[in-house]
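J.: So the sequence lines, in the order shown, correspond to chains R and P.
To get the numbering used here, take the position in the first sequence, counting from 1, and add 26.
To get the numbering used here, take the position in the second sequence, counting from 1, and add 1173.
To be clear, the hints were calculated from the coordinates, so they are not data collected in a lab.
Backbone N, C-alpha and C define an ideal beta-carbon position, used for all residues, glycine too.
Incorrect hints may appear among the rest.
[Stated by the list, open to error] Derived pair list, reagent style EDC-like, types lysine to aspartate or glutamate, alpha-carbon separation capped at 20 Å:
# : chain 1 : residue 1 : chain 2 : residue 2
1 : P       : K1416     : R       : D418
2 : P       : K1416     : R       : D334
3 : P       : K1416     : R       : D293
[To be verified] A few chain R residues that don't get close to chain P, going by computed Cβ distances all over 12 Å:
# : residue
4 : A114
5 : F153
6 : I212
7 : L412
Letter by letter, the chains look like this.
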Amino acid sequence: MRIGIDVGGTNTDAVLMDGMSVLAFTKTPTTPNVSDGIVTALKQLIAASNLDVSKIDGVMIGTTHFTNAVVERKHLQPTAVIRLGLPATVCLPPMVDFPDDLRAAINGRYFLAHGGHEFDGREISPFAPDEIRRIASEIKAAGITAIAISSVFSPVNTSFEAQSAAIVRETIPDANITLSSTIGRIGLLERENAAILNACLRDLALRTVAGFKSALAEMQIAAPFYISQNDGTLMSADFASDYPVLTFASGPTNSMRGAAFLSGLKDAIVIDVGGTTTDVGILQRGFPRVAALAVQIGGVRTNFRMPDTLSIGLGGGSLVSADGHRVGPQSVGYEITRKALVFGGDTLTATDIAVAAGYAEVGDTSKVAGLDAALVSAAQDRIEELINNAVDRMKTSAAPMPVIAVGGGSILLKRPIVGASEVVMPPHFAVANAIGAAIAQIGGETDRIFSLAEMSRDQALATAKSEAIDKAVAAGADRDTVEIVEVEEVPLAYLPGNATRIMVKAVGDLKEA
Amino acid sequence: MRLLNERNIEDIALGAAVLGTGGGGDPYIGMLMARQAIRDYGAVELYTLDELDDDDLIVPTAMMGAPTVMVEKMPNGDDIINAFKSVGKYIGKPIRATMSIEAGGLNSVVPIYVAARLRIPLVDCDGMGRAFPELQMVTHTIAGIGATPMAMSDERGNTVLMETISNHWTERFARSVTVDMGAMAMIALYAATVGQLKTAAVLGTISQAERIGQTIRSARVTEEDPVNTVREAVGGYLIFKGKIADVQRRTEGGFARGDAFITGIDDYAGQQLQMSFQNENLIASIDGAPVVTVPDLIATLDIDTGEPITTEGLRYGFRVAIIAMPCAPQWRTPVGIALVGPRYFGYDMDYVPVEERCG
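With the rest of the complex left out, here is chain R (with noise of 0.2 Å):
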């Protein structure tokens, strides 16, 4: 049996599934220290299943704790960055593109040395040691043990980062490095931001996966966890504490895996309503959409590939106006069982609305059965306006696809939506997040350039896929059922040797103890 535990802004939701069953789950508030949220979660699961924590299998977890902190600007501690690429790469020095108030809480410094490679191969200049002990004992004097080291074309050769670390190590011992190889792809302001961003969290992350751990601790469960990650697979809790910056997308991707699974749809549309806002995304073979443009977490460019979602300004929560005509942006948001009419509060809200148009049962139905029916209907038609539009936005082709809705406030959406073939809501849709996170599967992700004058292309592909499944499987992925999930290719203009850049991304089970 597998628990999955989604670790939100708002709510710790926590789910018990045997197989493909899900047998309990629950729903509590975060608490700020994280680990208390999820002892109650955990406690209201076992009492409501006479669960014996021995037969657990594994824990997963989701958590938007690191982005929330990121886009906060809380918890992050001073980071030093080394790049290795002298003399390229001046003009445009680390964090050039970061926000001021982001650069100042982080207390960001840079130190550029020389290294670097070519994207052949060849050295940009030859590794310096002496260089890098230097920049090593003034970080150390600065008093900083969070490092990021980067290195241009590092993706195509990871030893010059692999021996700044070692050397810095020498001089701090316990200094917190990210090498930029380790995260990201190519594209160096990008893989170098992740890899600050990582390293400005670090401090943050072990606490944080420590709490979780005394948590399954405190209630006695042995099991491995993981946490999950971007694309919705998991990593162990030691190297998510090592790659917070790996859990940026985690949400939204556990949300759409979590619909598909509870569907049983591969390719379809998903509207995940919140308190707050609205999330539409694409499923494809049962994996979210990944956006192509490059993503900004915290107002920095990152190169993650992060799921391609359109979030719009409509939840439960969200403001009606008092002719009915505006929904949203506004919200009450979690104290909407404080402020909403049902719950007896003075606001009218959107969950009002479909309460007194008979959509659901929640609260005190009494408290809007004087509601205008002019107001409601006009609402109603306000809402049904924006899931049309969002959903028109995002679709791929005329043809009807199947829509689930997840979350919430999906008790929103009763009306039919244009271009829908069929509105599914799954049973346990509350909480397709934690279920997402229960679900995760191990992948591995191989993306680097190939000189097709070397190899054929089918010689390059089958290396890449190779690759990618070994990583997987070193990451604790059954071989048996690992699977190539995703290959793209980008053919590079103006190289010689008809140079390729291939990645490939390989997904498979959890691995069973």
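With the hints as your guide, set chain P onto chain R.
T.: Just chain P now, kept in the frame of chain R:
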């Protein structure tokens, strides 16, 4: 003369991506370089040719190479200054200003970096009015201006100076040197006088890019139909709206070639547009009939934001609008069509100006 500030540069970079017609390299790196240089050295003066003396010498500056390398091995900064100064040293006369050789994409903003660092003016013109993949494909070539003396510099301090018998030869040598320098080189070339540029260059293109960028940015705020406002800003035609149904890519001769197939929506339902590209968009055909061809400009815009999408960024499922713009008049001469017409790129069809088919 007017001053370019940080906001102007962001707008130029955004508009340049539209003029890049799907190629020209991501202006982001160039925009950051130019923005940082303005922060460090102050605003850049933008001059029209009329504000300069006919004898003043102008040397364009640019980055040459693989866009994928440019986002990884960024320049030193001194390299492009070296290239610029080397051409001046070789000619033995003072250089009055720099300019963009390619207003589409990355190279629209790279010369702003040079202008800021050397405190020299930038001239409001370029050699294409768009983006093209090869070095000889500039209006200077039509006017008989040679690319050489051309300087190519790398971050190590190497500079290669060349003199050639034709701009085609320059392209050939320059490509080899670029590879040796790491698939990227900083270049200065096509030195010309203001008097020559008055007929040889495409005028006002930096301001045009800025206007387009500003239009896209304000459309985000005002919720106007951004595609239509961009179309108006470029003086072009809307030729299609649809969703990308398929993208086929291949590498030929070191270039990223391919075709995107776009299924029509709204007024274009039931039709299919095929976009053929080689780094840049070259030919747009609807249901098999060519509608716009190179050298006229074909831009793919995100239907909701009006933001340009590069050929590398084309993905299945995107909702796009295709707009077309007339190219600079120099391209419509027999010499211009021989340089950059459909047949040069291997398409056996005549060039028909976009106004005649869509006007």
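J.: Now look at each hint and say whether the structure bears it out.
T.: Hint check:
no., hint, in the structure
1, P:K1416 with R:D418, "holds, 11 Å"
2, P:K1416 with R:D334, "holds, 16 Å"
3, P:K1416 with R:D293, "holds, 17 Å"
4, A114, "violated, 4 Å"
5, F153, "holds, 16 Å"
6, I212, "violated, 6 Å"
7, L412, "holds, 14 Å"
Of the numbered hints stated above, those contradicted by the structure are hints 4 and 6, listed in ascending order.
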